[in-house]
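**Student:** So you can see what is in the structure, the chains are spelled out below.
2 protein chains.
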Amino acid sequence: MMTTGIVKLAQETRSAAQKLAVLTLEQRNAALEILAEGLAANQDRIVAANQADCAAAEQGGIASALYARLKLGESKLAAAIAGVRDVAKLVDPLGHLQIHRELDEGLVLKRITCPLGVLGIIFEARPEALIQITSLAIKSGNGVILKGGKEAIQSCTVLTEIIKESLAKTDVSPDAVTLLTTREEIKTLLSLDEYVDLIIPRGSNSFVQYVQQNTNIPVLGHADGICHLYVDQDADLSKTIPLVVDSKTHYPAACNAIETLLVNEQIAAAFLPQIAAALTAKNVELMGDKATQKLINVKPATEEDWRTEYSDLVLAIKVVKNVDEAIAHINTYGSKHTDCIVTENQITAQKFLNEVNAAGVYHNCSTRFADGFRYGFGAEVGISTQTMPPRGPVGLEGLVTYKYHLVGNGQIAATYTGSDAKPFTHKDL
Amino acid sequence: MMTTGIVKLAQETRSAAQKLAVLTLEQRNAALEILAEGLAANQDRIVAANQADCAAAEQGGIASALYARLKLGESKLAAAIAGVRDVAKLVDPLGHLQIHRELDEGLVLKRITCPLGVLGIIFEARPEALIQITSLAIKSGNGVILKGGKEAIQSCTVLTEIIKESLAKTDVSPDAVTLLTTREEIKTLLSLDEYVDLIIPRGSNSFVQYVQQNTNIPVLGHADGICHLYVDQDADLSKTIPLVVDSKTHYPAACNAIETLLVNEQIAAAFLPQIAAALTAKNVELMGDKATQKLINVKPATEEDWRTEYSDLVLAIKVVKNVDEAIAHINTYGSKHTDCIVTENQITAQKFLNEVNAAGVYHNCSTRFADGFRYGFGAEVGISTQTMPPRGPVGLEGLVTYKYHLVGNGQIAATYTGSDAKPFTHKDL
Numbered sequence: 040m041m042t043t044g045i046v047k048l049a050q051e052t053r054s055a056a057q058k059l060a061v062l063t064l065e066q067r068n069a070a071l072e073i074l075a076e077g078l079a080a081n082q083d084r085i086v087a088a089n090q091a092d093c094a095a096a097e098q099g100g101i102a103s104a105l106y107a108r109l110k111l112g113e114s115k116l117a118a119a120i121a122g123v124r125d126v127a128k129l130v131d132p133l134g135h136l137q138i139h140r141e142l143d144e145g146l147v148l149k150r151i152t153c154p155l156g157v158l159g160i161i162f163e164a165r166p167e168a169l170i171q172i173t174s175l176a177i178k179s180g181n182g183v184i185l186k187g188g189k190e191a192i193q194s195c196t197v198l199t200e201i202i203k204e205s206l207a208k209t210d211v212s213p214d215a216v217t218l219l220t221t222r223e224e225i226k227t228l229l230s231l232d233e234y235v236d237l238i239i240p241r242g243s244n245s246f247v248q249y250v251q252q253n254t255n256i257p258v259l260g261h262a263d264g265i266c267h268l269y270v271d272q273d274a275d276l277s278k279t280i281p282l283v284v285d286s287k288t289h290y291p292a293a294c295n296a297i298e299t300l301l302v303n304e305q306i307a308a309a310f311l312p313q314i315a316a317a318l319t320a321k322n323v324e325l326m327g328d329k330a331t332q333k334l335i336n337v338k339p340a341t342e343e344d345w346r347t348e349y350s351d352l353v354l355a356i357k358v359v360k361n362v363d364e365a366i367a368h369i370n371t372y373g374s375k376h377t378d379c380i381v382t383e384n385q386i387t388a389q390k391f392l393n394e395v396n397a398a399g400v401y402h403n404c405s406t407r408f409a410d411g412f413r414y415g416f417g418a419e420v421g422i423s424t425q426t427m428p429p430r431g432p433v434g435l436e437g438l439v440t441y442k443y444h445l446v447g448n449g450q451i452a453a454t455y456t457g458s459d460a461k462p463f464t465h466k467d468l
Numbered sequence: 040m041m042t043t044g045i046v047k048l049a050q051e052t053r054s055a056a057q058k059l060a061v062l063t064l065e066q067r068n069a070a071l072e073i074l075a076e077g078l079a080a081n082q083d084r085i086v087a088a089n090q091a092d093c094a095a096a097e098q099g100g101i102a103s104a105l106y107a108r109l110k111l112g113e114s115k116l117a118a119a120i121a122g123v124r125d126v127a128k129l130v131d132p133l134g135h136l137q138i139h140r141e142l143d144e145g146l147v148l149k150r151i152t153c154p155l156g157v158l159g160i161i162f163e164a165r166p167e168a169l170i171q172i173t174s175l176a177i178k179s180g181n182g183v184i185l186k187g188g189k190e191a192i193q194s195c196t197v198l199t200e201i202i203k204e205s206l207a208k209t210d211v212s213p214d215a216v217t218l219l220t221t222r223e224e225i226k227t228l229l230s231l232d233e234y235v236d237l238i239i240p241r242g243s244n245s246f247v248q249y250v251q252q253n254t255n256i257p258v259l260g261h262a263d264g265i266c267h268l269y270v271d272q273d274a275d276l277s278k279t280i281p282l283v284v285d286s287k288t289h290y291p292a293a294c295n296a297i298e299t300l301l302v303n304e305q306i307a308a309a310f311l312p313q314i315a316a317a318l319t320a321k322n323v324e325l326m327g328d329k330a331t332q333k334l335i336n337v338k339p340a341t342e343e344d345w346r347t348e349y350s351d352l353v354l355a356i357k358v359v360k361n362v363d364e365a366i367a368h369i370n371t372y373g374s375k376h377t378d379c380i381v382t383e384n385q386i387t388a389q390k391f392l393n394e395v396n397a398a399g400v401y402h403n404c405s406t407r408f409a410d411g412f413r414y415g416f417g418a419e420v421g422i423s424t425q426t427m428p429p430r431g432p433v434g435l436e437g438l439v440t441y442k443y444h445l446v447g448n449g450q451i452a453a454t455y456t457g458s459d460a461k462p463f464t465h466k467d468l
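Going down the list, the protein sequences come from chains Y and C.
Basically my numbering = 1-based index in the first sequence + 39.
Basically my numbering = 1-based index in the second sequence + 39.
Hints are not guaranteed to be accurate.
Since the list gives no way to pick one copy over another, a pair counts as held whenever it fits inside one copy or between any two copies.
[As the list claims (entries may be wrong)] Straight-line Cα separation of at most 25 Å, DMTMM-like style, residue types lysine to aspartate or glutamate; simulated pairs: (1) 149 <-> 131; (2) 58 <-> 143; (3) 115 <-> 200; (4) 461 <-> 419; (5) 321 <-> 467; (6) 47 <-> 143; (7) 466 <-> 275; (8) 149 <-> 436; (9) 203 <-> 97; (10) 466 <-> 51; (11) 466 <-> 72; (12) 128 <-> 72; (13) 47 <-> 364; (14) 321 <-> 83; (15) 47 <-> 224; (16) 189 <-> 72; (17) 58 <-> 232; (18) 278 <-> 97; (19) 321 <-> 141; (20) 329 <-> 163; (21) 278 <-> 131; (22) 329 <-> 436; (23) 110 <-> 83; (24) 338 <-> 233; (25) 110 <-> 343; (26) 115 <-> 459; (27) 226 <-> 163; (28) 466 <-> 141.
Simulated from the structure, these hints should not be mistaken for lab results.
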């Protein structure tokens with residue numbers, strides 16, 4: 040599709056989003072229920088389109104992990120439909136009064152949450168991501184422009200058709216949901232800062248990095264998840280070993296799995312053989328710095344390992360002098376995602392919690408808890424490793440902004456300026 | 040200075056900022072008091088450096104408005120020093136507990152505000168901006184890299200020397216404040232996304248736009264302030280005329296002054312001659328669309344006028360059919376800064392408040408109230424017209440972020456996963 044075609048689509052999405060933004064919670068939730076019903080009623084159509092995608096991918100020689108992500112059978116679809124109804128049950132993120140303040144008698148300021156406008160979502164193979172993100176967009180009053188992976192094109196096309204058919208029966212305009220289908224359109228989408236308010240990329244690290252570096256639109260996402268666990272000299276080893284094993288092996292491909300284990304030198308001789316045995320039993324390959332190599336049998340780790348997200352059953356180990364060296368290592372090589380200290384010393388723990396610069400800083404628990412559902416957000420839109428909010432696991436809150444309403448009865452600024460200025464009352468209501 | 044030199048300075052600032060980040064409120068406030076005393080004790084040195092800047096600028100033929108901004112006499116300096124003490128009195132923006140939640144027994148999540156890290160501030164002639172922004176940075180626990188206008192180089196150099204001399208007597212490292220002095224260094228600064236967390240540009244629209252388009256670092260600022268006032272058919276004209284006059288003439292160069300007046304066609308014949316007389320009496324030059332030209336004597340306004348921030352005593356006028364056309368005009372041509380409706384009709388007002396997409400949407404009060412001090416924030420770091428928070432006038436809140444602390448006693452994710460998963464309690468504390 041040519042650029043002008045995409046701009047027109049984006050304008051239509053924006054226009055539909057403006058109407059969606061002012062619907063009531065009841066109207067948005069009713070649309071989600073109709074959407075869930077529409078998807079359920081068209082299960083066969085969806086599964087057939089997905090089978091066509093899967094067949095084409097098999098012919099093209101797709102990797103088995105990718106095939107598993109692409110495949111949308113009845114049970115995955117049922118779970119995705121249940122997810123739409125779960126989103127309907129979430130607390131409304133719109134209309135929250137964050138500030139309510141009298142500036143002067145009869146002049147009242149409110150800060151109220153409202154939708155961002157239009158979301159641009161770029162995802163890879165998983166077609167059910169389209170269902171999830173569309174329901175989150177509708178719940179939060181946002182329009183959405185979707186771009187799925189080329190492997191999932193038939194699944195995404197049919198899903199979008201059904202979503203639009205369903206929305207046509209609701210107060211949400213079908214134009215609020217737009218699908219782009221070619222890879223070339225990504226570049227145009229990233230340039231539409233006039234029409235798109237937030238880009239959420241869901242894909243490989245290099246893809247997220249590409250998106251971050253090629254748009255002026257804010258991006259919610261993380262390129263790397265280089266998480267650390269630091270075992271302090273005052274760690275309780277019986278607690279430490281399950282924590283390290285869980286943080287590394289519970290789901291090694293996840294961004295909140297650890298990549299580097301930092302071990303205090305005073306505890307290294309006692310701890311390293313134990314943890315090596317536990318991890319080796321779980322098929323984890325170990326790399327280590329010189330000090331580690333002296334204590335256990337590991338491959339040498341280089342500077343490059345400290346910057347590597349293995350996303351696999353591989354762990355780099357470094358022996359450090361003290362908590363300060365651990366903090367310095369994390370603040371140098373980390374990706375500001377999630378880092379943990381294991382210690383029974385409260386003062387050391389507090390120092391670590393204060394000084395590590397990351398979205399999540401943990402004490403005596405697995406890094407795998409870094410997740411919107413586990414945090415109790417009800418949904419996870421993404422995990423952000425940028426410094427500005429929203430940061431860390433982001434729920435529906437990440438899809439809304441706020442605006443200031445100021446309501447008066449004719450007040451002018453001149454009254455509150457100069458030598459006989461009337462003072463403001465600034466009274467929170 | 041070469042790029043490597045700037046990178047080294049930025050690393051030193053970041054390292055000093057990490058120590059500043061964990062100081063107590065008392066330590067940060069004590070540093071501000073010593074800073075205020077240091078500036079007061081060195082008044083003569085500051086004024087002399089500023090006089091040298093002013094003399095050089097006069098020789099170079101500086102515009103009188105710019106000269107007025109550059110000039111830092113005793114009274115302006117005294118006000119800036121009082122400002123430092125005012126910042127010390129502000130509520131601490133750090134350590135606020137935004138979320139406090141038990142995920143399970145003994146596994147507690149906290150979301151706590153913390154400093155961003157290092158701020159990059161680029162400002163034009165006004166040397167006292169350096170004092171204000173440095174005190175806001177210290178208060179909020181952030182390091183700061185400053186780049187002043189070339190006209191103010193001697194003032195900025197001496198101010199930074201005195202700030203560093205003063206900080207040497209406090210718990211805040213002098214390295215937390217760094218001054219860059221050449222224009223070439225701006226480009227390098229904008230590329231330091233590894234060391235700088237937020238850029239705040241203070242200057243002309245074109246300069247802010249340049250900054251926004253040339254960095255991956257988040258930017259707090261606004262390129263344009265195209266504010267509107269819409270006079271509805273149900274407006275009380277006796278209220279409306281002072282509101283329009285104040286919004287346009289109280290400080291026409293300000294970003295929160297209106298540039299376009301939208302007038303409902305039903306009230307245009309009665310209203311336009313009155314407002315034209317009131318504005319002409321204040322030397323405002325009027326432009327108008329065809330419908331306006333039929334009713335009052337104005338120059339023709341073109342499409343370009345709807346996109347223009349005059350920053351001067353000029354106002355474009357357009358007659359619209361109804362509130363919907365007014366909202367559509369604002370959402371098309373506005374800069375999402377501040378827009379106002381004047382009406383006695385509550386339903387129309389609510390529609391306008393809901394549907395206009397801007398940081399500030401006002402009803403029956405002057406757009407000139409869009410200001411951090413007037414909102415009761417105690418300070419204004421900047422005004423942002425981006426859609427994501429922070430938006431609108433931004434106080435100290437804009438200089439902080441948050442992190443998640445999760446503290447447990449050995450909990451692992453595997454316990455909460457799978458068929459016999461332990462449920463989370465998700466209980467807010």
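**Student:** Output the numbers, in ascending order, of every earlier hint that fails for this structure.
**Tutor:** 2, 5, 6, 7, 9, 10, 11, 14, 16, 18, 19, 20, 21, 22, 24 and 25
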